[in-house]
Each structure stands twice: as structure tokens, then as C-alpha cells.
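Here is what each chain is made of, one letter per residue.
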Amino acid sequence: MALPLQFKTSFLPLEINFLAENELITILPRVSMKSVELIGTNLPNLNAMRRQEIPLWLALILKAQDKCQIIPPIWLNVAYLKARYDEELEFPNRFSSLPWHWLELSKMLLTKASDDLTDAPHLIRSIIQDLREVRLVKSRKGLKELNEAYLQLDNLSLMEINEIRPYVAEVMDELKKLSDCVKKDDSMDMETNDYEEDENY
Amino acid sequence: MDEFNDILNEWVENRTSESGYNIQQAKQDDLTRLMQLVVNERMAPDVLEYEEELLERILARTRLQIEFIEINSLELQLEKDIKLQLMIVELELERVNYLIRTYLRTRLSKIDKFTVYITKNGDMVKRLSPSEVSYMRKHFEILTTLYKKQFLSRLPELLQLLDDTGGGISMIEEPDLDKPVFVKVVKTISHSIDVNNEEVELLQDGIYVLRYSAIRLYIMIGDIKLI
Chain A
1 MALPLQFKTS FLPLEINFLA ENELITILPR VSMKSVELIG TNLPNLNAMR RQEIPLWLAL
61 ILKAQDKCQI IPPIWLNVAY LKARYDEELE FPNRFSSLPW HWLELSKMLL TKASDDLTDA
121 PHLIRSIIQD LREVRLVKSR KGLKELNEAY LQLDNLSLME INEIRPYVAE VMDELKKLSD
181 CVKKDDSMDM ETNDYEEDEN Y
Chain B
1 MDEFNDILNE WVENRTSESG YNIQQAKQDD LTRLMQLVVN ERMAPDVLEY EEELLERILA
61 RTRLQIEFIE INSLELQLEK DIKLQLMIVE LELERVNYLI RTYLRTRLSK IDKFTVYITK
121 NGDMVKRLSP SEVSYMRKHF EILTTLYKKQ FLSRLPELLQ LLDDTGGGIS MIEEPDLDKP
181 VFVKVVKTIS HSIDVNNEEV ELLQDGIYVL RYSAIRLYIM IGDIKLI
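Same order as they appear, the protein sequences are chains A and B. Following full-length UniProt numbering, the numbering of the first sequence begins with 1 at its first residue and continues without gaps. Following full-length UniProt numbering, the numbering of the second sequence begins with 1 at its first residue and continues without gaps.
Keep in mind that the hints were calculated from the coordinates and are not lab data. Each hint should be verified, as a subset may be incorrect.
[Claimed, not checked] Short, incomplete list of chain A residues facing chain B, as computed with Cβ under 10 Å:
no., residue
1, P4
2, T41
3, N77
4, V78
5, E148
6, D185
[To be verified] Derived pair list, reagent style DSBU-like, types lysine-lysine, alpha-carbon separation capped at 30 Å:
no., chain 1, residue 1, chain 2, residue 2
7, B, K225, A, K107
8, B, K83, A, K177
9, B, K179, A, K177
10, A, K8, A, K177
What you are looking at is a predicted structure, and each value in this text was computed from that prediction instead of being measured. Glycine is no exception: its CB is placed at the ideal position from the N, C-alpha and C atoms.
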């Protein structure tokens, strides 16, 4: 009761977004501002036109107030994402390396700071959509490999992992139960065999 | 000239904080740790160690922020600058409170579920904070009283137990430590891990799904984190 059921098996997309909002991002302040003492990290003195790294949630507030410009991360442009997309096609058996929170960060920046991006937002959106789809197909194909022991998912981002989590966890759990049963049967067979042999003896 | 002073001051600030104990870094580490604790707790099948010192430090800081808000909201003539500052402080406070709340709620839900198991297991009780222990005891007491009054007292004495393990089925709910969990490797594990007679090498930044029991120790050390 302390925690509703939907929170128990995996995270809500909202919660993952929350985690992503704590990632650091570089801003270019438009105005100077005095530092603010905070619990997690202090907002440093901001000087106009001097770059500063701050958590994303804070950057988005300042951005909404028109007090800063957000410097998009190096991976958030068409050229970089296109290269990753080509990589996805070239190596069908692995995922290309993208930031841990690439989906959430790009979504937030595209909706709240689209004027600061280097490329046209609709182009970025479309390449992100392509990238997401090709990775989704791959991760679904990979589900064939599910077994009871372990699974490797290198380079998948948190949001993508969270999507397949309930399914993967459930299937692995069931497979494990099955294999445990088989093992138990085997050992029981051996015991009865021993027993029979004893009798024969 | 003003700007020059600012830059100079900042430089001095940075220098002093570098030489001494770097509070800024410590704050940031604490918050990162708290976020990881929330995630670990949510994904681990059993109740993890309560990190009292960390929580105390963060709670002390939240109290300071509340004071700050109270003092500054009292003034009637608000400068524009202080308004924005207040908003930032309030929002951050809400964010941290949310994390703490999620952490405690997740623990409570597990404590409720595994009450009998935890009570019978001294090591598990040690993982709880004092207030969690007293919550667990009281809650269980109220619950058993209710059950007794409602229906247990009318059953034959033999069937009144709440922790019966006879008859092949245990009434005590235990965490399933073999549950598959998703992990990310923080530091390469020097020797391979045996999972179901298969050797698995855990390399840095690798993401795996494995049985919780196989990597539980590494989560406690921090070489592996749950995701």
C-alpha cells in the first residue's frame, strides 16, 4: 500500500525523466546572477556570456525566464545522430553508443529549447525517430536470445531498458523456474536410480 | 570593475574550497548517492541497508532551505532577483523531498510485505532505521489484533498461526533473491561470475540482466549498480 503496484516492477517514464533532469548541461547566461545555495549542488555565480555547467532542470527554468541560452550537447545534431544511425545498420548485432539519457534529454531540449539547437528541430526529430525505431526492432529481435541465466544489453539507454524490463524480467523468471524444476527432477531421478541399484545389489 | 571583482572573488572562492574540504562536491555526491539509493531500493527484491548518515546530512540541508524560504518570503517588498532565487530553492527542495519520500515509501512497502521474515531474521532488522523498526512492530501488532478479533479467534487453535511453515507451504513471505535484475557495471569485476554454470565476465559499463543473488555483494560494495 505504501507503494502502488505499477511502481514495483519498473519505473514510470516520468521518473526516468526526473533522473535525466539531473544531468549537467552547459549554458551561456544572458544576464549575471548571484549564486544560490542549494541542497544538491550550488548554482554558481552566473556572469553574462560566461559558460557554466548546471543541472538541466535548473537550466530549463533559467531558459524559460529567458536568462540563458542552452548549449546543446555534442551528440544532439543531425550529423552525429545520422552517424549513429548508419552504425546501427552496419552492425546488426550491437547497439551504437548513445548517452544514458539520450531520449529524455533530446525530448526536453526539443520541446523547451528548440531555438538553441544547431539544426532544424524537425530534422533532429526525424533522425531521432529513425534511430529509435531501428534500435527498438533490434532489441525486440534480441528477445529471442532470452534464457534463464543472463542477458547482455550493452549501450541500451535507461528509457529503452525500462520499456522491455517487465517482459524480460517475467520471462527470465519463468524460464528459471522451469529449469529449476528440470534440475530437481534430474536429481530426484538419480536418487531413485541409486535406490533401485541398491535394491538390485 | 565590478565584473573584474566578481571574477577575482570567484577565483578566491574556488581556491579556498579546493584546499579545504570541498563542500560543493560533497553535496553533489550526496545527491547522486541518494538517487542511486532510490533506484537500488526500487529494483532490489530485499530491503537494503538504511543509510542513516547520508539521510541525516541531506535532511539537515533541507531544513536550512526551509528556513531560507521562510525568512525571505516574509519581506513584503520582493526584489525580482530574490523571487527567482526563491523559486529555484523551492523547486529543488521539492525535488529532494520527492526523492526522500520515494526512498522511504519503497522501503515501507517491502517492510510491510516481509514483516515476519524480517522479524525472525536479526540481520535484516539491523538494516532498518530505528523508526522503521518501531513502525514495523506497531503495524504488525495492530494487524494481528485485527485478524484475531475478526476471524482467527473463531478458528481451531491449530490454524491460528500467522507464521506456520508446516504442511509444505510456508506462510512467511520471503524476498525472491533469485529474481532477475538489470544492472550496470561501474567497475570491471576482476573474476568472472558463475551464473547457472555459465561463466559471465562483467566489464565496465556493461549492462546485464542476472539473478540478484549472483551480484548482490557487488552492489553493496558499489562496483555494480542496479538500474
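Evaluated hints:
1. P4: holds (9 Å)
2. T41: holds (5 Å)
3. N77: violated (24 Å)
4. V78: It is violated, given that the least Cβ distance between V78 of chain A and chain B is near 26 Å, above 10 Å.
5. E148: holds (7 Å)
6. D185: Interface hint status for D185 of chain A: violated (16 Å vs cutoff 10 Å).
7. B:K225 - A:K107: holds (26 Å)
8. B:K83 - A:K177: violated (58 Å)
9. B:K179 - A:K177: holds (10 Å)
10. A:K8 - A:K177: holds (21 Å)
Hint violations for this structure: numbers 3, 4, 6, 8, all remaining hints satisfied.
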